[in-house]
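Asker: All chains, full assembly: derive it from the sequences and hints.
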Amino acid sequence: MVHHAVNNVGSNVRKATVDYTAEDYSFIQRTNMESAYNLTQLAHPLLKAAGRSSVVMISSVAGGPLAIQSGSIYGMLKAAMDQLTKNLCCEWAKDGIRINSIKPWYIDTPLAAPVIRHPKLLGEVCAVTPMDRVGQPEEVSGLVAFLCAPASSYITGQAISIDGGFSVMGLYTAAGPS
1 MVHHAVNNVG
11 SNVRKATVDY
21 TAEDYSFIQR
31 TNMESAYNLT
41 QLAHPLLKAA
51 GRSSVVMISS
61 VAGGPLAIQS
71 GSIYGMLKAA
81 MDQLTKNLCC
91 EWAKDGIRIN
101 SIKPWYIDTP
111 LAAPVIRHPK
121 LLGEVCAVTP
131 MDRVGQPEEV
141 SGLVAFLCAP
151 ASSYITGQAI
161 SIDGGFSVMG
171 LYTAAGPS
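Quick note: the sequence shown uses the numbering used here, first residue 1, plus one each step.
It is worth saying that the hints were derived from the structure and are not from the lab.
Predicted, not measured: the structure shown is a model, and the values here were computed from it.
One or more hints might be untrue.
Capping the alpha-carbon separation at 30 Å, the derived lysine-lysine pairs in DSSO-like fashion look like this [unchecked claim]:
#, residue 1, residue 2
1, Lys-86, Lys-48
2, Lys-120, Lys-15
3, Lys-86, Lys-15
4, Lys-94, Lys-48
Beta-carbon label-pair distances, calculated as ranges [what the hints assert, rightly or not]:
#, residue 1, residue 2, range
5, Arg-117, Lys-48, 21 to 31 Å
6, Ala-127, Lys-48, 43 to 53 Å
7, Leu-111, Asn-38, 19 to 29 Å
8, Glu-138, Ala-93, 40 to 50 Å
9, Ser-35, His-3, 32 to 42 Å
10, Ala-93, Val-168, 24 to 34 Å
11, Gln-41, Lys-120, 39 to 49 Å
12, Asp-95, Lys-120, 40 to 50 Å
13, Ala-50, Arg-117, 38 to 48 Å
14, Asp-24, Arg-117, 17 to 27 Å
Where is the CB? At the ideal position from N, CA and C, for every residue including glycine.
Answerer: Right, dumping it as structure tokens:
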């Protein structure tokens, strides 16, 4: 029996869409989507046996609703993960399994290091993030823990952004109205 499953694997190759190879696509797809799908499907009987269980998908704000320059394949697959979350919510609720996804923006992890260790790029990220910083891993893990806890037992099928306000900033500027 398994009470919680967290799909927290990701990889990316940042390129223009026309520059991706079939190998790039396959690598990004296997890492970001196929692994999450297969693990979740295989875990179903064990999650069901637990009675009340939770699956958390680590997605990304790259999956929408905004288009960002993280690579079209990565964004497409994270959007697919969010859709899988919704479908599994509807299919597996009868089995006592809740499914949610978390959509981080830039978090201080090895995957984000090439961007956030570059002062100019970090400045660009912070300029479109109302909190003017990147997130920390413990901020994401705290949300994961909550989504696995009994206190969140009525939350399912949700894609929750953890992004310092990035996904709602739109055309609003850090300086506010003039």
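Asker: Indicate, hint by hint, whether the structure satisfies it.
Answerer: We went through each hint and held it up to the structure:
1. Lys-86 x Lys-48: holds (18 Å)
2. Lys-120 x Lys-15: Measuring from Cα to Cα gives roughly 19 Å; hence the hint holds.
3. Lys-86 x Lys-15: holds (29 Å)
4. Lys-94 x Lys-48: Distance of about 9 Å is within 30 Å: holds.
5. Arg-117 x Lys-48: 21 to 31 Å: violated (43 Å)
6. Ala-127 x Lys-48: 43 to 53 Å: holds (46 Å)
7. Leu-111 x Asn-38: 19 to 29 Å: Between Leu-111 and Asn-38, where Cβ atoms are some 20 Å apart, the hint holds.
8. Glu-138 x Ala-93: 40 to 50 Å: About 30 Å separates the Cβ atoms of Glu-138 and Ala-93, which means 40 to 50 Å is violated.
9. Ser-35 x His-3: 32 to 42 Å: violated (20 Å)
10. Ala-93 x Val-168: 24 to 34 Å: At roughly 28 Å between Cβ atoms, Val-168 and Ala-93 fall inside 24 to 34 Å, so the hint holds.
11. Gln-41 x Lys-120: 39 to 49 Å: Holds, since Gln-41 and Lys-120 (Cβ atoms, about 42 Å apart) stay within the stated range.
12. Asp-95 x Lys-120: 40 to 50 Å: holds (48 Å)
13. Ala-50 x Arg-117: 38 to 48 Å: Since Ala-50 and Arg-117 have Cβ atoms about 40 Å apart, the given range 38 to 48 Å holds.
14. Asp-24 x Arg-117: 17 to 27 Å: holds (23 Å)
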